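Engineer: Now for the letters of each chain:
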Amino acid sequence: MRDPTGTNTDQRRTGEKAAVVLLIGLILLMPPVANIFSLQHKIAGIPFMLVYLFVVWAGLIFAGFRMSRRMLQDYEVQRDLTDGED
Amino acid sequence: MLSVDLVLAVCLGYVLLLFAIAFWVDRRTRMGHLRWLHSPMIYTLSISVYCTSWTFYGAVGSAARNGLEFITIYLGPTLVFIGWWWLLRKLVRIGRTQRITSIADLISSRFGKSPSLAVLVTLIAVVATTPYIALQLQSVTRSYLVIAGESNGVATAFWIAAGMALFTILFGTRNLDANERHHGVVAAIAVEAIVKFVALFAVGLFAVYGISSGFVDVFDDVPTEVIYGGSEIFGPRWAALTFLSATAVICLPRQFQVTVVENIDERHLATASWLFPLYLFGMTIFILPIAIVGLKTLPAGMNPDLYVLTLPLSEGRQELALLAFLGGFSSATSMVIVAAIAVSTMVSNHIVMPVALHFMASGREVSGDVRNLLLTSRRISIAIILALGFLYFQISGGSDALAYIGLIAFAGVAQLLPSLIGGIFWRGATRLGALSGLIAGFLLWAYTLFLPSFGGSMLLSADVIEHGPWGIAMLRPYALLGLNEPDPLVHALIWSLGINTLLFMAVSVLTAANPLEQLQGAQFVDVFRIDPGGTGAFNPGSVKAEDLFVLAQRILGTSTARRLFDDLAQSQGRDTGRPLPNDAVMLRLERELAGSVGAASAHAMVGRIAGDRTIGMTELMDIAGETQRLIETSRQLSEKSAELEEAADQLRRANDRLRTLDVQKDEFLSQVSHELRTPMTSIRSFSEILLGEEPVTPDDRARFISIIHEESLRLTRLLDEILDISRLESGNLDLPTSHVDAVEVTSSVIDSFTGLIRDRRIDVAFSPPETAHEVLAAPDRLRQVLINLLSNAMKYNTAAEARIDIRIGRTGGRVTIDIIDNGGGVTREEAETVFQKFIRGTRAGRDQGAGLGLPISRALMRAMGGDLSVEFTDTGSSFFRLHLAPVAARKITENLTSAAG
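Sequence order for the protein chains is A and B. In terms of the working numbering, the first sequence opens at residue 1 and continues consecutively. In terms of the working numbering, the second sequence opens at residue 1 and continues consecutively.
Read the hints as simulated data drawn from the structure, not as lab findings. Be aware that a few hints might be false.
[To be verified] Under the rule of at most 20 Å between Cα atoms (straight-line distance), these lysine to aspartate or glutamate pairs were calculated in the EDC-like manner:
hint: 1; chain 1: B; residue 1: 795; chain 2: B; residue 2: 751
hint: 2; chain 1: A; residue 1: 17; chain 2: A; residue 2: 74
hint: 3; chain 1: B; residue 1: 665; chain 2: B; residue 2: 832
hint: 4; chain 1: B; residue 1: 90; chain 2: B; residue 2: 266
hint: 5; chain 1: B; residue 1: 795; chain 2: B; residue 2: 759
hint: 6; chain 1: B; residue 1: 795; chain 2: B; residue 2: 710
hint: 7; chain 1: B; residue 1: 296; chain 2: B; residue 2: 232
hint: 8; chain 1: B; residue 1: 296; chain 2: B; residue 2: 221
hint: 9; chain 1: B; residue 1: 795; chain 2: A; residue 2: 16
hint: 10; chain 1: B; residue 1: 665; chain 2: B; residue 2: 721
hint: 11; chain 1: B; residue 1: 640; chain 2: B; residue 2: 656
hint: 12; chain 1: A; residue 1: 42; chain 2: B; residue 2: 225
hint: 13; chain 1: A; residue 1: 42; chain 2: B; residue 2: 221
hint: 14; chain 1: B; residue 1: 665; chain 2: B; residue 2: 759
hint: 15; chain 1: B; residue 1: 296; chain 2: B; residue 2: 265
hint: 16; chain 1: B; residue 1: 296; chain 2: B; residue 2: 217
hint: 17; chain 1: B; residue 1: 296; chain 2: B; residue 2: 225
hint: 18; chain 1: B; residue 1: 795; chain 2: B; residue 2: 721
hint: 19; chain 1: B; residue 1: 90; chain 2: A; residue 2: 76
hint: 20; chain 1: B; residue 1: 795; chain 2: B; residue 2: 763
hint: 21; chain 1: B; residue 1: 90; chain 2: B; residue 2: 315
hint: 22; chain 1: B; residue 1: 90; chain 2: A; residue 2: 16
hint: 23; chain 1: A; residue 1: 42; chain 2: B; residue 2: 232
hint: 24; chain 1: B; residue 1: 665; chain 2: B; residue 2: 710
hint: 25; chain 1: A; residue 1: 42; chain 2: B; residue 2: 592
hint: 26; chain 1: A; residue 1: 42; chain 2: B; residue 2: 69
hint: 27; chain 1: A; residue 1: 42; chain 2: B; residue 2: 721
[Unchecked claim] From the derived model, a few chain B residues whose C-beta atoms are all more than 10 Å from chain A:
hint: 28; residue: 3
hint: 29; residue: 11
hint: 30; residue: 127
hint: 31; residue: 220
hint: 32; residue: 277
hint: 33; residue: 380
hint: 34; residue: 439
hint: 35; residue: 476
hint: 36; residue: 559
hint: 37; residue: 582
hint: 38; residue: 588
hint: 39; residue: 672
hint: 40; residue: 707
These figures come from a predicted structure and were not determined experimentally. For every residue, glycine included, the Cβ atom is placed at its ideal position computed from N, Cα and C.
Could you put together the complete structure from these sequences and hints?
Structural biologist: Here is the structure:
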């Protein structure tokens, strides 16, 4: 994939991680993989499909949370590097 | 049902509260006090303008009809914000460096600040936004009718629209902010985001735990069709809807406004990347339960779109119903306000201003009050957009066509996606590519989705929708060219976006971008690499700083313009006065103006003052861009490494040479000491004999003394030679040259050998040429060399009948003296070594000279500008050849004439 930020390796890695998360999200939430999970069962009284969707969704949000912390650290590093430029 | 007065009072109070917040925040921000407003939380909440009343009411309706499908509308944005935030970050960075005011501005600016593209995108935005605004008006009106029991929907909608217009005009166009930011509005939107979230969450909790007894109860004995909405939920429609919502969160004018234009700090995006999906998660978690509880408890005929409101009402929870109403009201107003600001900015910047500029006499933009014109045009635009929304609502009001308008609008703005993504990632995208893609996509969208959605009441008749125009089945809007796709939305997406993308790419590949397009393209694609200082190329001679200032003053306001110009002057190192209108100043000014009037208009305005704009070399270098820069760097690197290799090679060679020289020096020293030792030894031994006790006969004494004398002479000669050669080699020997006749010198040298020639019976053949051969040489030194060569030829000649030929001639423009003897000569292998110090030819015996004669002779010849070499005849025998620099022919004639005179 192309370099999303072009500034340094750490940021590119963060971008690459995001792309991987995007890919995982797409695979899990889109057909045909999602169809595998479209079962008739219920978990604790809640339809399996509903639980599945919201769990994947929550997982994505958690991954996003972790990546955003990384992203903010990158900004700190960048600000230290280009001190007082802004 | 609540009393009308109460509902109106609460509504009014709520609106007043919003006004107060917006007013207060605007004021505090202007005073520079409100730091907490610059928080990622506010930013995220403002992005949640994505959740309109279509989410608040419509999602429950959709869940009741189609089950889980509604989730796709929130999965798309989640995927974009979590997995593709760097796209958003790139948009935000471009927005900041290029002072982008809207999505139309971004696309037009990218493709060479093209006015036609700006107008086209603005049109698409207006067409896609108007029904969406109508949808909001409808939602608020319907909910109001439900909660207050009124019946005059049209009047209600009118007053709602008017109120929204007032709010938008008041806070959306208070001033022309340089960056088109509206802090007051954003704060109000954030408050509304909290209200709608709390309201929906409260209703959800009530439905699950108030009406039912927990989730298990809600989902108890619910048929799976209700949840899955059909046999196969994860089909093409699921993917299409996710894709559409992902596109919408990037391309919707209002989303672009809050995400890109209103962004204060790029870092806020990092927080929003997970917080916004979390907000959506919270918003949707209760939607399906509310729908199911509604289906279970409410009478079958009730509109599922209003379950959020009717559920609390039917249970007699009026305060909850009021909260839900406020939530819906918030969703609708925030969408309408932001959309109106975004679209009115486009309309006034890209349609009204260019027209006004066109009709203004040249120079008027300097004298006329552009600032007021701009504010007025923007206010009128807001009013017009809301009026259009209201009109649309009135024409199609009540019809179910509106229910799907959200998705249709999504598909409409999705047409902007290829140009947007291509524009910021693909340097080769051109204006014509974007134009053709957008036009084709827009027309196909209108034909296959938008117009048929009216069910025959707009442009296309029901008959045309059913059977195609003129009965041509191939042209049926829902089955174009016989494409068999049961879902009209998926069908329309395939056609419009497919052709759009295809044309965009194909035309881009086939057309060439003009220099300004290339420049903008490079600045957009490489926004993270290019110095935001920017480049530009105006002809500075034709620009007056005062004109620029007046222009800036008219548009930015006096104080902002003054600050900008002071800043610019200071950056040029000037304490007073106006900055020099160079490229950087012009570009910065254009950007600042673009923040108010859009890139195309700003470019036109500055261009009018600056005159012709030409692309300079620096810009072209920038266009050449990163790829070329990388190639250049790697080329320089390889050059560097080649240079290093070369240097290392040279060092190695120098080292080798030094080693050789060192060895030669040692050899030379040992040779010199050896050569000195022989005569010294004999001098010492004979002098010891003479000094000794033993008597020496007078004859012996005389003989010994003469030997000592001879050896001393030999030593002196040797030392002289060594001195000569070291001087010659270090270049210290100064040889004054003069015009010498080579024939005369040769003859006199041969004469000096007469005795030896006679003694040794050597046959010397020398026939001096008729003419003089004038050369540049030091006569004594030339004589020395000749003597050396001749004596060698005689001394080492072992032939029975020794013979020496001496010839003078001209070879290759030089005078040559050949000394040819029949004494064996030197071999080809020896040809060079004979000129090395202390090397004697194979035919020379021991004790016959120190081996310095030839090296000295060659060094002398070279010092005189000539040379000495060993040559070979055709038969393989060798001879020595002296090369001498001739005196120029003119000089000879001069000499001749002077001699004749």
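Engineer: So, for every hint listed, does it hold in this structure?
Structural biologist: To see whether the hints hold, each was checked on the structure:
1. Of the pairs offered as hints, the one joining residue 795/B and residue 751/B holds, with about 17 Å between alpha carbons and a cut-off of 20 Å not exceeded.
2. For the hint pairing residue 17/A with residue 74/A, the CA-to-CA distance comes to about 14 Å; that is within 20 Å, so the pair holds.
3. For the proposed pair residue 665/B and residue 832/B, the alpha carbon gap of about 18 Å is at most 20 Å, so the pair holds.
4. A C-alpha spacing of about 10 Å is found between residue 90/B and residue 266/B, which places the hinted pair at or below 20 Å, so the restraint holds.
5. For the hint pairing residue 795/B with residue 759/B, the CA-to-CA distance comes to about 12 Å; that is within 20 Å, so the pair holds.
6. Of the supplied pair hints, the one linking residue 795/B and residue 710/B holds, its CA atoms being roughly 18 Å apart against a limit of 20 Å.
7. Proposed proximity of residue 296/B and residue 232/B is contradicted: the alpha carbons are some 24 Å apart, above 20 Å.
8. Taking the CA atoms of residue 296/B and residue 221/B, the gap is near 11 Å; set against the 20 Å cutoff, the hint holds.
9. Distance restraint check for residue 795/B and residue 16/A: the Cα-Cα separation of roughly 89 Å exceeds the 20 Å cut-off, and the hinted pair is therefore not satisfied.
10. The suggested pairing of residue 665/B with residue 721/B holds, with an alpha-carbon distance near 16 Å, which does not exceed 20 Å.
11. The straight-line distance between the Cα atoms of residue 640/B and residue 656/B is roughly 24 Å, outside the 20 Å bound, and the hint therefore fails.
12. For the hint pairing residue 42/A with residue 225/B, the CA-to-CA distance comes to about 14 Å; that is within 20 Å, so the pair holds.
13. With a C-alpha separation of about 11 Å, the suggested pairing of residue 42/A with residue 221/B holds against the 20 Å cut-off.
14. Among the hinted pairs, residue 665/B with residue 759/B is inconsistent with the structure: their alpha-carbon atoms are about 40 Å apart, more than 20 Å.
15. A hinted pair counts as satisfied when its Cα atoms are at most 20 Å apart, and residue 296/B with residue 265/B does not qualify at roughly 47 Å.
16. Simply put, residue 296/B and residue 217/B have alpha-carbon atoms about 11 Å apart, close enough for the 20 Å limit, and the pair holds.
17. Straight-line distance between C-alpha atoms of residue 296/B and residue 225/B comes to about 14 Å, which keeps the hinted pair within the 20 Å bound.
18. About 19 Å separates the Cα atoms of residue 795/B and residue 721/B, which keeps this hinted pair within 20 Å; it holds.
19. Of the supplied pair hints, the one linking residue 90/B and residue 76/A holds, its CA atoms being roughly 18 Å apart against a limit of 20 Å.
20. With a CA separation close to 14 Å, the supplied pair residue 795/B and residue 763/B stays within the 20 Å bound.
21. The suggested pairing of residue 90/B with residue 315/B is violated, with an alpha-carbon distance near 49 Å, which exceeds 20 Å.
22. The suggested pairing of residue 90/B with residue 16/A holds, with an alpha-carbon distance near 15 Å, which does not exceed 20 Å.
23. Using a Cα cut-off of 20 Å, the hinted pair residue 42/A and residue 232/B holds, with the two alpha carbons roughly 18 Å apart.
24. About 28 Å separates the Cα atoms of residue 665/B and residue 710/B, which puts this hinted pair outside 20 Å; it is violated.
25. About 58 Å separates the Cα atoms of residue 42/A and residue 592/B, which puts this hinted pair outside 20 Å; it is violated.
26. Restraint check for residue 42/A and residue 69/B: the C-alpha separation of about 19 Å stays at or below 20 Å, so the hint holds.
27. Our distance criterion of 20 Å between C-alpha atoms is broken by residue 42/A and residue 721/B, whose separation comes to about 114 Å.
28. Residue 3/B, annotated as away from the interface, keeps every beta carbon of chain A farther than 10 Å; the closest lies near 39 Å.
29. At roughly 34 Å, the least C-beta separation between residue 11/B and chain A is larger than 10 Å, which holds for a residue marked as non-interface.
30. No Cβ of chain A comes within 10 Å of the Cβ of residue 127/B; the nearest lies about 30 Å off, and the non-interface call holds.
31. Some Cβ of chain A comes within 10 Å of the Cβ of residue 220/B; the nearest lies about 7 Å off, and the non-interface call is violated.
32. Here residue 277/B does not stay apart from chain A, with its beta-carbon only about 5 Å from theirs, under the 10 Å limit.
33. Non-interface call for residue 380/B relative to chain A: holds, since the shortest CB-CB distance, roughly 38 Å, exceeds 10 Å.
34. No Cβ of chain A comes within 10 Å of the Cβ of residue 439/B; the nearest lies about 28 Å off, and the non-interface call holds.
35. Every Cβ of chain A is farther than 10 Å from the Cβ of residue 476/B; the closest lies at roughly 27 Å, confirming the non-interface assignment.
36. Residue-level check passed: residue 559/B sits 23 Å from the nearest beta carbon of chain A, beyond 10 Å.
37. The claim that residue 582/B lies off the interface holds: its Cβ sits roughly 22 Å from the closest Cβ of chain A, which is beyond the 10 Å cut-off.
38. Remark: the non-interface label on residue 588/B is consistent with the geometry, its nearest Cβ contact in chain A lying 16 Å away (cut-off 10 Å).
39. Listed as outside the interface, residue 672/B is consistent with that label: its C-beta sits roughly 66 Å from the nearest C-beta of chain A, beyond the 10 Å cut-off.
40. Non-interface call for residue 707/B relative to chain A: holds, since the shortest CB-CB distance, roughly 88 Å, exceeds 10 Å.
Violated hints, listed in ascending order, are 7, 9, 11, 14, 15, 21, 24, 25, 27, 31 and 32; each of the other numbered hints is respected by the structure.
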